[in-house]
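Let's have the full structure, built from the sequences with the hints guiding it.
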Amino acid sequence: MTTAFTVRVSDETASKLNQIAEKLDRSRAYMAAEAIEAFVEQQEWQLAEIEAGLDEADRGEFASAEDVAKVVGPANHEPETCSLDASGVAAA
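Counting with this note's numbering, you get residues 521 to 612 for the letters of the sequence shown.
Hints may contain errors.
Computed beta-carbon distance windows for the label pairs [unchecked claim]:
hint : residue 1 : residue 2 : range
1    : Trp565    : Val588    : 17 to 25 Å
2    : Asp575    : Lys536    : 35 to 43 Å
3    : Glu542    : Ala589    : 23 to 31 Å
4    : Gln562    : Thr526    : 20 to 28 Å
5    : Glu561    : Ile540    : 16 to 24 Å
No lab work stands behind these hints, which were simulated from the structure alone. All figures in this text were calculated on a predicted structure; none of them were measured in a lab. Every residue gets a Cβ at the ideal spot worked out from N, C-alpha and C, and that includes glycine.
Structure, rendered in structure tokens:
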């Protein structure tokens, strides 16, 4: 099942979409649907990862400084620290 709806884009974006569709021998509608599906899939993944990370943080599961250094390499300076208020927002 599919649903049709109207999307407004700039003339420049429409022109680029037309060029891509022509080069790939596809319709503009097909290309727009593919782009929307890819965007939705990417956003679903990203939001799920963010929610999983927030759940881990709520459980107190954080990477140690050593774990981070293994991934990004050693820091050239001392890590900055900040205090959080009761709501978890960085305090000034």
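Verification of the supplied hints:
{"no.": "1", "hint": "Trp565 x Val588: 17 to 25 Å", "in the structure": "holds (23 Å)"}
{"no.": "2", "hint": "Asp575 x Lys536: 35 to 43 Å", "in the structure": "holds (39 Å)"}
{"no.": "3", "hint": "Glu542 x Ala589: 23 to 31 Å", "in the structure": "violated (50 Å)"}
{"no.": "4", "hint": "Gln562 x Thr526: 20 to 28 Å", "in the structure": "holds (23 Å)"}
{"no.": "5", "hint": "Glu561 x Ile540: 16 to 24 Å", "in the structure": "holds (19 Å)"}
Of the numbered hints listed earlier, the single one contradicted by the structure is hint 3.
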